[in-house]
Every structure is written in structure tokens, then in C-alpha cells.
Amino acid sequence: MRPDSHELYGRRKSRNLGVGLVLGAFVALIFAVTIVKLTEGASMQAFDHALRPELVPAAGN
Amino acid sequence: MTDATWTQADTVREPQFGDYVELLKPRVMRLVVFTALVGLLAAPVPVHPVLALAAIVCIAVGAGASGALNMYTDWDIDAVMKRTARRPIPSGRVTRGEALTIGLALAGFSVVMLGLFANLVAAGLLAFTIFFYAVVYSIWLKRATPQNIVIGGAAGAFPPMIGWAAATGGVSLESGLMFALIFLWTPPHFWALALFRNEDYARAGVPMLPVTAGPRATRNQILLYALVLAPVAVLPAFTSVGGPVYLAGALVLNALFVRGAWRVWRRDEAEAIADGHRAEKRFFGLSILYLFLHFGLLLAEAGLHAIGLVPAAWPVLA
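Protein sequences appear in the order of chains A and B.
Be aware that the first sequence starts at 62, since it is given in our numbering, and climbs by one per residue.
Be aware that the second sequence starts at 40, since it is given in our numbering, and climbs by one per residue.
Incorrect hints may appear among the rest.
[As the list claims (entries may be wrong)] Derived CB-CB ranges, DEER-like:
| hint | chain 1 | residue 1 | chain 2 | residue 2 | range |
| --- | --- | --- | --- | --- | --- |
| 1 | A | 70 | B | 131 | 42 to 50 Å |
| 2 | A | 71 | B | 118 | 24 to 32 Å |
| 3 | B | 118 | A | 77 | 23 to 31 Å |
| 4 | B | 178 | A | 81 | 47 to 55 Å |
| 5 | A | 81 | B | 83 | 36 to 44 Å |
| 6 | B | 178 | A | 71 | 33 to 41 Å |
| 7 | B | 178 | A | 95 | 32 to 40 Å |
| 8 | B | 121 | A | 82 | 30 to 38 Å |
| 9 | A | 87 | B | 84 | 24 to 32 Å |
| 10 | B | 308 | A | 69 | 45 to 53 Å |
| 11 | A | 102 | B | 346 | 22 to 30 Å |
| 12 | A | 68 | B | 259 | 54 to 62 Å |
[What the hints assert, rightly or not] Among the chain B residues that face chain A by a calculated CB cut under 8 Å, a handful are:
| hint | residue |
| --- | --- |
| 13 | 53 |
| 14 | 55 |
| 15 | 56 |
| 16 | 86 |
| 17 | 87 |
| 18 | 90 |
| 19 | 93 |
| 20 | 96 |
| 21 | 156 |
Think of the hints as simulated: they come from the structure by calculation, not from any bench.
The beta carbon of each residue, even a glycine, is placed where N, CA and C say it ideally should be.
Please build the complete structure, drawing on both the sequences and the hints.
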């Protein structure tokens, strides 16, 4: 009997497949949200300990 | 240690992916997803479908995380109750450590991602909900007071408020009323269950109302809560999320709910045992339908609002 033919590996395979699919779905979700946020023109910069003029709201806004 | 000795020792309790899914209480998750979705769709601010999906996934995972944390704290209660003895921890399929790790990891992930996908108000509400269910209800209240389900019910009432906050970035009268609807519905729903599962709770030492105060007091409380709930449940009809369809449906549902509570109230224990708690079981079933249909009516109103089918002179509170 080969060491990797134990029934334990078969059950681990199903668990690993499940976790893999969840991680894949998570990546796809992040990608889709990024595309939508970029398309909608959401602010892509945040405060990073340095003043950037483009982050300061214009007067009257 | 050789590979052979290691596999023999661990084969029996190697968990499957499905065991991890079961830790997240998928049945509770379904209700959370539905009510959160209604909260999000009923909000006056339109949300891109992808962002709505992302927010709902985060809320569902957050609810799942609190379910896993609840199973971690309640493993000893679950083991002696018939209804919960087959859960992953008492049945030996998942260890307590795994449940804690999964619960904490998913809680952190869901809150951070909801903050990034939607906004900080929604993320803060989700974090508070998880804390409330896993700590305030599961650790502090459940074993200590018969009011456990009254206060702990708040955890289940937050999802529509989180959905609403994900869309609008805040809370309002409408989301507060959706919260109140679930909050006031929870005690009669669970007390009806406790009336015919009394032995289970008594054996586990959980101080549910029928265990501590007896069935008579529980029946009184069920009727009282149903009477308080009815006007609160009708009130959303006169807000921006309501309308005539909701009003008509809510009036019928609340009449049925109060009638069911009345039937439970007028019986004594001997009568209930004689027919196998028929009225209590029917009321419990009705209560599930009651909540589902209220949120279904709000969803219907959201659809009617979206296509402009709103009466010209409908009284709106705020």
C-alpha cells in the first residue's frame, strides 16, 4: 500500500478542496469589488502620514 | 514518529470541510442573510450589486463566526441537549480549539472586510453584534438569567440594521424598527420552543423561563410580548420603507400571532402534555413564518418603491 493511498488523504483532499474554493471565491470577490470601486471613482488614496494636496477637500466642498 | 503511527492515532477525528461549515450554524446564517439583505435593499441609497453581495457575505461570515464562538463556549450544554448533541464539538468531529480559532479568525476577517467594502459604521455594528452574541449572550447571560433570550435577542436583531448601515452609512428610525421587530419577536419564539423542550434545557442547567419560573409564567410572558410586538411590527408601514402592502400583510400576520399566543396562554400544562404541545409547536412554526413574511413584505415594498408604485398620500412618520 502506498503511503499516500490511505483513506485519510482522501478525506483531507476534500477538506483542502473546500478551503481552496473558499479562498478562490474570496480572491474573486476582492477583485470584483476593486473593479467596481475603481469604476465608480472611489477615492483610492488615504492618509499616509504625509500631506498630499489632492486629498484635501476643495474649498466650498 | 513514523507516518503509520501518526495516521492511526488521528484518523478517527480528522474533520471534514462540512464539519467546519456546520460550526458556522448555516440555518441561523440563512435568516441573518435574508434580514440583512432586506435592510440593505430597503435603504434609500442604491448600492452596486457587487458591493451589496460583498457586504452580505461579510455579514453572513460574521454571523457564522459568532456561531462558531458560541459552539466553543456552549460545548458542555450542547453535549447534554438532544437538539444539539450532534453538533461538531460534542460529537467529536471538531476540537474546541479549532472552533475558537475559526471563530476568531472569521470574526476579524468579516469586520475588517466589511469596513473596506462598505463603511466603518456597518463594520462597527457587525463587531458589536459578534461581541454581543459570543460574549454578552453566550458567556454572561445564557447560564445566569432567565432573561438570557430577552437581552441576547439583540444579537439576532442587528443584521438588518447592519445591512441598512452598509447602504446608508448610518442608523435611522426604519432600521431601528427592523431591529425592534426581531428583538421583541425573539423571546416568544424561543419560549414557545422552551415550553416543549423544557426537559432538555433543565437537564443542561440553562435557566430558560419555563425551567426557572414554570410554564404558567412563560405562557403569560409569551402573550405579553406578542401584544407589545404587534404595534411595533405594524409601525414600519408608516415609514419610508413601508406602504399599504406592508400594512395589510402586517395586520394579518400580527392578528394570527396574537391569536396563536392567546391559544398558548389559555392552556395549562396538563392540556399541553395531553396533546403533545400541539398549540405550542404550531405557534413556534407560525413565529418562523411571521418573521420571514414581515421581511418579505418589506422586500416587496422596496420593489414597489423601485418601480415608482407608491401611493401619493401615504402618511410617513419620518
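Please name the hints from earlier in the document that this structure breaks, with their numbers sorted from lowest to highest.
1, 4, 16
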